[in-house]
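**Q** Listed below, chain by chain, are the residues.
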Amino acid sequence: SAVISQKPSRDICQRGTSLTIQCQVDSQVTMMFWYRQQPGQSLTLIATANQGSEATYESGFVIDKFPISRPNLTFSTLTVSNMSPEDSSIYLCSVDEHTEAFFGQGTRLTVV
Amino acid sequence: GQNIDQPTEMTATEGAIVQINCTYQTSGFNELFWYQQHAGEAPTFLSYNVLDGLEEKGRFSSFLSRSKGYSYLLLKELQMKDSASYLCAVRGLPGAGSYQLTFGKGTKLSVIP
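Protein sequences appear in the order of chains A and B.
For what it's worth, the working numbering labels the leading residue of the first sequence as 1, then goes sequentially.
For what it's worth, the working numbering labels the leading residue of the second sequence as 1, then goes sequentially.
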């Protein structure tokens, strides 16, 4: 099974600043997924990151707010830009292996 | 798109059996998954259904009816450590816009002594 290291595990940030979340996988994967889980809610897909091409964003999410990098097949970053308190959430990266989705431990972001 | 419904909360007694239902409406269905998520932790895979019927895996079983858009997760011999949220997730057809996983809001299960 894929092992995913995600960091930071948590952060408290000032509004208007940006935070970059890193996700490292122990094997090469074609697609990496970024999710948001707001308090008391389920997981919502932000975007799919493919190596060598621009990320594909879901409805309601835009590249200017959530820029994504995918420099190689084992690594991706998600930046939460110009943060507001509404961005307080858990952010998770995920990969698929043999139909099963594996998740990083998540980044708990609080914007004050 | 995908729409997934499951109960918000359930309570059950240690040692008992509990069934968590999930219904979905989808523009293209391929696979259904159940995940367990303890508070403050990432979701972990429990089960996978692609064909109609029951899949058993130890104390956990999952059932799927594609024609009814219905699934349930059955937990037997409940233990206190089973207190967690259980997420139903659906994946659409390859090549379609719904191929990514869509998650329900989760059912928070509380196991009491």
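In case anyone wonders, no lab produced these hints; they're calculated from the structure.
Since we're looking at a predicted model, the values are computed, not measured.
Mixed in with the good hints, there may be bad ones.
Quick list of the computed label-pair ranges, beta carbon to beta carbon [stated by the list, open to error]:
1) A/H98 x B/E9: 39 to 47 angstroms
2) B/E56 x A/Q41: 24 to 32 angstroms
3) A/T99 x B/K81: 20 to 28 angstroms
4) B/G28 x A/K7: 21 to 29 angstroms
Quick reminder that beta carbons are idealized off the backbone N, C-alpha and C, glycines included.
**Q** Take a look at whether the Cβ-Cβ distance between A/T99 and B/K81 falls inside 20 to 28 angstroms.
**A** The hint (20 to 28 angstroms, Cβ to Cβ) holds, given that A/T99 and B/K81 are roughly 26 angstroms apart.
**Q** Just tell me: holds or violated, for the beta carbon distance of A/H98 and B/E9 against 39 to 47 angstroms?
**A** This hint is violated: roughly 32 angstroms between Cβ atoms.
**Q** Holds or violated: the 24 to 32 angstroms window for the beta-carbon distance between B/E56 and A/Q41?
**A** holds, 30 angstroms
**Q** Kindly confirm whether 21 to 29 angstroms is satisfied by the beta carbon distance between B/G28 and A/K7.
**A** violated, 36 angstroms
The earlier numbered hints that this structure contradicts are 1, 4.
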